[in-house]
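Kindly produce the complete structure, drawing on both the sequences and the hints.
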Amino acid sequence: MRPKIYLFGDSITEHSFGDGGWGASLAHHFARNADVAIRGYSGYNTRWALMAIDKVFPPPPPATAENGINGGGGGGYEAAPVCVTVFFGANDASLPNRHAAFQHVPIDEYKQNLHSIVSFFKKRWPSTHVILITPPPIDEATRILNAYVKNKSGLPERTNESAGNYAKACVTVASNCGIPVIDLWTKMQQSPDWRTDYLWYESLFSFSKLLAFASIIEL
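The sequence shown lines up with residues 133 to 351 when you count with our numbering.
Cross-link-like lysine-lysine pairs, in silico, DSS-like; alpha carbons within 25 Å at most:
#1 K136 to K187
#2 K187 to K255
#3 K136 to K255
#4 K243 to K300
#5 K243 to K255
By construction, these hints were calculated from the structure, which means they are not laboratory data.
Following this line, the structure appears as structure tokens:
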């Protein structure tokens with residue numbers, strides 16, 4: 133059975149197999165060696181991801197002689213993936229007093245949820261490499277122009293400052309868990325023209341498809 137790489141995250145992951153997307157780039161890069169599978173859920177935060185994770189990644193069936201789990205045979209048993217990327221935080225960082233408040237997750241809960249998600253994968257698949265990815269920076273002006281729903285306040289539902297706080301929290305969790313992290317929020321803003329260099333999905337998010345791909349390959 134071919135090795136598998138899971139991409140677990142929100143809309144940035146769900147749409148990553150679009151033309152030139154980072155998921156598509158990964159699938160192309162590993163075409164001869166591994167299958168890249170998307171588990172992306174638009175609008176999700178870590179709270180909802182944690183609630184769904186058991187259904188998204190169900191446990192293997194009990195070991196029996198028929199399914200070949202103990203013997204390494206067939207029977208449809210899925211071996212542990214070689215890698216899982218966990219890419220949440222853009223929705224968690226929605227401000228609690230703006231029109232997307234229903235997506236907001238307090239930063240301490242966000243950190244605990246990330247811990248729990250990492251622990252889930254490490255318990256399920258001890259040999260699997262887990263990589264955290266921080267939320268990207270936000271182009272607030274463009275975010276208002278391309279709002280998903282009507283925004284009568286004229287204020288962005290999330291800010292770059294808020295995204296940065298959640299990015300730092302994600303980096304902290306990765307350090308505490310002893311796993312690698314891709315700090316997109318910092319990496320992208322190292323370019324003085326990041327707003328024009330790294331626009332993604334009609335500027336809803338400032339996000340570089342190729343930057344995420346390249347960062348994963350570097351690890």
